[in-house]
Each structure stands twice: as C-alpha cells, then as structure tokens.
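Visitor: Produce the entire structure from the sequences given, and follow the hints as far as they go.
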Amino acid sequence: MLTKRIIPCLDIKDNRVVKGIKFLGLRDAGDPVEVARIYEEQLADELVFLDITASYENRKTLVNLVEEIAQNIFMPFTVGGGIRDSNDIRELLNAGADKVSINTQAVKCPDLITESSRKFGSQCIVVAIDAKKENDGWQVYINGGRTPVDLNAVEWAKKANELGAGEILLTSMDYDGTKDGYDLELTKNVVEAVSIPVIASGGAGKLEHFYDCFSQTGASACLAASLFHYQEYTIKQVKDFLKGKGVSVRQ
Amino acid sequence: MIAIIDYGMGNIHSVQKALEHFGAKTVVTNNPKDIETSDKAILPGVGAFDDAMSELKKQKLIAALNKHIRQKKTFLGICLGMQLLLQNSEEANKSDGLGILEGEVRRFLDRKGFAVPHMGWNQLKIKNKNCPLLKDTPDNSYVYFCHSYYPQPKDKNIIAAVTDYGVDFTSILWQDNIYGVQFHPEKSQQTGLKILENFVNLC
Chain H
1 MLTKRIIPCL
11 DIKDNRVVKG
21 IKFLGLRDAG
31 DPVEVARIYE
41 EQLADELVFL
51 DITASYENRK
61 TLVNLVEEIA
71 QNIFMPFTVG
81 GGIRDSNDIR
91 ELLNAGADKV
101 SINTQAVKCP
111 DLITESSRKF
121 GSQCIVVAID
131 AKKENDGWQV
141 YINGGRTPVD
151 LNAVEWAKKA
161 NELGAGEILL
171 TSMDYDGTKD
181 GYDLELTKNV
191 VEAVSIPVIA
201 SGGAGKLEHF
211 YDCFSQTGAS
221 ACLAASLFHY
231 QEYTIKQVKD
241 FLKGKGVSVR
251 Q
Chain W
252 MIAIIDYGMG
262 NIHSVQKALE
272 HFGAKTVVTN
282 NPKDIETSDK
292 AILPGVGAFD
302 DAMSELKKQK
312 LIAALNKHIR
322 QKKTFLGICL
332 GMQLLLQNSE
342 EANKSDGLGI
352 LEGEVRRFLD
362 RKGFAVPHMG
372 WNQLKIKNKN
382 CPLLKDTPDN
392 SYVYFCHSYY
402 PQPKDKNIIA
412 AVTDYGVDFT
422 SILWQDNIYG
432 VQFHPEKSQQ
442 TGLKILENFV
452 NLC
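Chains as they are written, first to last, in this note's numbering: chain H, 1 to 251; chain W, 252 to 454.
Certain hints may be false.
To be verified - With a straight-line Cα cutoff of 35 Å, these simulated DSBU-like cross-link-like pairs (lysine-lysine) come out:
no., chain 1, residue 1, chain 2, residue 2
1, H, Lys206, W, Lys311
2, W, Lys268, H, Lys236
3, H, Lys22, W, Lys268
4, W, Lys318, W, Lys308
5, W, Lys323, W, Lys345
6, H, Lys60, W, Lys309
7, W, Lys311, H, Lys245
8, H, Lys119, W, Lys309
9, H, Lys119, W, Lys311
10, W, Lys376, H, Lys22
11, W, Lys268, W, Lys380
12, W, Lys378, W, Lys318
13, H, Lys243, W, Lys323
14, W, Lys445, H, Lys119
15, W, Lys345, H, Lys158
16, W, Lys376, H, Lys206
17, W, Lys363, H, Lys206
18, W, Lys284, W, Lys268
19, W, Lys324, H, Lys119
20, W, Lys268, H, Lys19
The set of hints was computed from the structure by calculation and includes no laboratory data. Every value quoted in this text rests on a predicted model; they were computed, and no experiment measured them.
Guide: Below you can see the structure in the form of structure tokens.
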C-alpha cells in the first residue's frame, strides 16, 4: 500500500544550504548535493528545496543547482521559491525537479495553477500555503509569511485543488519552529476539504508528533527541517517509531 | 546505444544519468533517425496525454517509434510514456494513443482516503517473475509513483506487476520487446536503479 512520506526540507540561499546542517562525516554542510545524499541514504521519501533568496539574478544559478541535484540524486524532489510564471516552472522541471512549489504567485495569479497543471501535469504543481490562526479560521500569508491576504486557508486549499494543483504543502505559521507538534486541526480541515495529497509542515519536535499528524489528520506526508538537520532524530528513527505504531512507511 | 526520446515532456536528465551509471551509451534525441539506429529506446514523459501525442506528431516521431518496436528492438515507456502505448486515455480530449498495445488508460476514482494523484512510494506485487526487468527485484519492493491515470491493458497476460491503491492497477507491462512502467525508476533509489540496470543489460 501507499506509504506515508517523511520529507526533509532544505533552505537554499545563493546555492548553499542555510540554517545549520549538523551531520557527522559531512565534508561540506553547505553543499545541497551532499546533504541530499545523506538524506537519500537515510531513506527520506522526498526532498524539498526552498530557495529563500529567490531573486532574479539567482534564478540561473538555481537552475544549475537543480540540474546538479538531479544528476546525483535518484529520488523525487520539489523546488520552490520565487516562481513567477510558467517559464520559471518549465526551466526548473527541465533541469530535473520533479515538482515545483508555488506560494505567493499562486495567490496573486491563480490562473498560473490552471495553466501550469494543464501544461506540465497536475502531479508536479504543488501549491504551498502559509496559514495563521485568525479568530475562527486560518488566514493565508504570502511573501514568506510577511503579508496577510484576505483568504481563508481551507477555502484557498480547496480552490487550489479545483484549479489543478496536484498537492498542498501546508505550513502552520503558529506552530512553525515551536516543536510543539503539527497543527492538527488546520491540517485535518484542509485534508478533508481537498481530494489531493496534503503535506503537513511546521512544528515537528518529537516522534509522537509525526504519529499524531498521520493518525489524526489524514495527511499524506510530514515535512520537517531542523529536527533532521540537527540530527535530533534520523529519518529511520521516525519511520521505526511510526511502523511500531502501525503506520505504513517505506523502510 | 539507447535513445532517450526528448519530445519536450518533462525532464530526462535523471533517466539518462541513471543509465550512464551502468555504463550504457545513451543519446537524448528528438531525431527519428537516432531512434531507428538505436538498439533500445526509452519514452519518458510527464504531463498531459493530448500534449504528449501532439508533440510526438509534430516532431514526426511516431513512425520511428512504430518502426523501432516492429523491428523487435527493446522499448521502455516510463509513466506517461507507457500510457501512450495504449489505444486511448480518459485524460485525452482529442488524441488517441499510439495503439501499440490494446487497452486504455483510466483515471483513479475519487474515494475517501485515496488522494489523487497517487503520489509517493508504493509496492510492486509481481505477477510475472520471468519479466527480465524484475530480475533480483523482490516482491513488494517500493517504487515511486506520481500519477492520476493508470494503464488497463486488454490482455491480462502482459501485466508483469500490479500495485494496490484501492484497486490493483497495472504498474509494469511486458509484451515481448515492449516494457512499460507506471512508476519512476529513475526516482526510486536502489530498486529503480536495479530495474534500469536490468533494462540496460537486456539483449
């Protein structure tokens, strides 16, 4: 049966991994290919690379980096950050990315979801949503969480699904960095509103958090960053724990 | 020489890189001549069925593909590249498939608990152990899938493996010199690389 996915996320700036990566035996912790290789050995199910510079000048080097990753890593990976139009998407996919993740531009120009999923297939169009609790719902933020927009996250996820998105990458801004666990309520609400897979993100701090997310929300995947980068847990530990709890994972 | 057909439908670098890993000589091409002169061909592809068929037509690749297969040269379709071998697809509005294999391409039904696309790692339930692609691949091995449609061949004897996603769908097809895989071997780590290695080693 289809297994639940565990996905490490790497932030990339000027083609280097940023936000400390602390593995033993890593010669260059800033080299995205080398870090990706470590996660591949650990049987990560996918990788997400987020370009946090995402400036125009950096697009070309990002494309080169994606090419290098694709030539060295035989596992699926998603690239996001600063995607503006379908040319950006085509470039990244042709360079070897399996999926692209679109956040701000999907909100500003929802037609991009329709256009690109028709062109490239919905399976490679991930819509990333940053959401923050607001009264009785969750509000969508864009521009790296800096700008609130007048959209309800659950409604927006549903809309993105209808427009042709193949997956939702859902980050709880309230839980991100807290290590208090995933936002189960937000995730559950989004999973129930859409028919496409949902990746939960933000808040993983303990093994139980992964189990809680899978067992209580129906998410298809859990994403985490610092937890893996600082080797608080290896991917294997997470998977062993999940398997012990009866969750189907690839080992 | 293995021709990897580049008709503008998605990335082919990782397929090529994986094959070169096993010392295979490859050419990434949209030139029909290259396909005719190669002893093996791979049709990769992600994207929409109609677009893929119209690209194949536009780039005048269909005759070369048919000829390659008719000459009993080894052929591998990956994901959409496999689906195109069949007669038609529920995804298509205007195009028929290549019709090299009898059957059609179906969409997964929307059911609770089964998100579509079927995305992630799932198992191969091997139906034909003799399929040369599956040499040294244990039953229930995990491979990476990313698709909303799956092939449904008319002749069940050509199903080499199925995968369970609410229904058992065909994940590997094998008929004589024609192979098709619904998953992405180039993205399936060791298991996928083994399958590609088997392909490289086919005579």
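Visitor: Each hint needs a verdict: does it hold in this structure or not?
Guide: Checked hints:
Among the hinted pairs, Lys206 of chain H with Lys311 of chain W is inconsistent with the structure: their alpha-carbon atoms are about 55 Å apart, more than 35 Å. For the hint linking Lys268 of chain W to Lys236 of chain H, the alpha-carbon distance of about 27 Å falls within 35 Å, and the restraint holds. At roughly 29 Å between alpha-carbon atoms, Lys22 of chain H and Lys268 of chain W fall within 35 Å of each other, so this suggested pair holds. Restraint check for Lys318 of chain W and Lys308 of chain W: satisfied, since their Cα atoms lie roughly 15 Å apart, inside the 35 Å limit.
In summary, the hint linking Lys323 of chain W to Lys345 of chain W is supported, as the alpha carbons are separated by about 29 Å, within the 35 Å threshold. Only pairs whose Cα atoms come within 35 Å are accepted, and Lys60 of chain H paired with Lys309 of chain W is accepted, the gap being roughly 29 Å. Proximity of Lys311 of chain W to Lys245 of chain H is assessed by CA-CA distance (about 54 Å); at most 35 Å being required, the pair is judged violated. Proposed proximity of Lys119 of chain H and Lys309 of chain W is supported: the alpha carbons are some 16 Å apart, at most 35 Å.
The hinted pair formed by Lys119 of chain H and Lys311 of chain W meets the criterion: a straight-line CA distance of about 20 Å does not exceed 35 Å. Proposed proximity of Lys376 of chain W and Lys22 of chain H is contradicted: the alpha carbons are some 38 Å apart, above 35 Å. Using a Cα cut-off of 35 Å, the hinted pair Lys268 of chain W and Lys380 of chain W holds, with the two alpha carbons roughly 27 Å apart. Our distance criterion of 35 Å between C-alpha atoms is met by Lys378 of chain W and Lys318 of chain W, whose separation comes to about 29 Å.
Of the pairs offered as hints, the one joining Lys243 of chain H and Lys323 of chain W is violated, with about 45 Å between alpha carbons and a cut-off of 35 Å exceeded. Between the alpha carbons of Lys445 of chain W and Lys119 of chain H the distance comes to roughly 31 Å, so the proposed pair stays at or under 35 Å and holds. Distance check on the hinted pair: Lys345 of chain W and Lys158 of chain H sit about 28 Å apart at the alpha-carbon level, within 35 Å; holds. Between Lys376 of chain W and Lys206 of chain H the alpha-carbon distance is near 34 Å, which keeps this suggested pair within the 35 Å criterion.
Distance hint between Lys363 of chain W and Lys206 of chain H is fulfilled; the C-alpha atoms sit about 28 Å from each other, no more than 35 Å. With a CA separation close to 22 Å, the supplied pair Lys284 of chain W and Lys268 of chain W stays within the 35 Å bound. Distance hint between Lys324 of chain W and Lys119 of chain H is fulfilled; the C-alpha atoms sit about 31 Å from each other, no more than 35 Å. With a C-alpha separation of about 30 Å, the suggested pairing of Lys268 of chain W with Lys19 of chain H holds against the 35 Å cut-off.
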